[in-house]
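Enquirer: Make the full structure from the sequences, and use the hints.
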Amino acid sequence: MTADDPPGARAPAPYVVAAHFVLGRVSARTPWWAAQWLAAGHDGEALREMAGLNGRDTRALHDLVPAVLAEMGVGALPEPLAAVTTVFQHMAAECLAGRLDERAVVQQAEEIVISQDYASEILDLPLGRLYGLDDEWQGGWGASVEDLRATVRGHCADQLAEPPE
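Residue numbers are given in the numbering used here: position 120 of the sequence shown equals residue 134, and the series is strictly consecutive.
Incorrect hints may appear among the rest.
Said to hold, decoys possible - Label-pair ranges, simulated between beta-carbon atoms:
(1) Gly87 with Asp149: 36 to 42 Å
(2) Ala90 with Ser129: 18 to 24 Å
(3) Asp161 with Asn68: 39 to 45 Å
(4) Val159 with Ala49: 35 to 41 Å
In case anyone wonders, no lab produced these hints; they're calculated from the structure. Every residue gets a Cβ at the ideal spot worked out from N, C-alpha and C, and that includes glycine.
Expert: Written out as structure tokens, the structure is:
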């Protein structure tokens, strides 16, 4: 879930958005997701306001997300490790379902590892162990692209096999 999610991407569950919010990753697609949630029958003042925002106003998005999440029934925000685990689980499921490219998984996992100061408990997660793989992918050295994709899919399966935090 990033600002460059494909326009046709479906809205993630509110608890996934909450996890991204904890990690400082508010997507420019959030107003679109709010509109999708409204169309699905959810309602609330903050949700309606979010649906009407331009995704480029990141400050307004950031300010409204907690109220939107509360209206959507999300309780307390998760701690950072639990948030990373939730995001990694979502990324793994999206990849294995064919909705997220393997290289995007690697790039997003690396962004998260870096944003969390290379915390060992994050590097120990299956998707955390992908850190550094983008260098190999970009450089064209080492494993073939198909082998890299298979490696990522294997780590995604392992991530989903781990119990959530």
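Enquirer: With reference to the structure, classify each hint as holding or not holding.
Expert: Evaluation of the provided hints:
no.: 1; hint: Gly87 with Asp149: 36 to 42 Å; verdict: 41 Å, holds
no.: 2; hint: Ala90 with Ser129: 18 to 24 Å; verdict: 21 Å, holds
no.: 3; hint: Asp161 with Asn68: 39 to 45 Å; verdict: 42 Å, holds
no.: 4; hint: Val159 with Ala49: 35 to 41 Å; verdict: 36 Å, holds
When the structure is compared with the earlier hints, no violation turns up for any of them.
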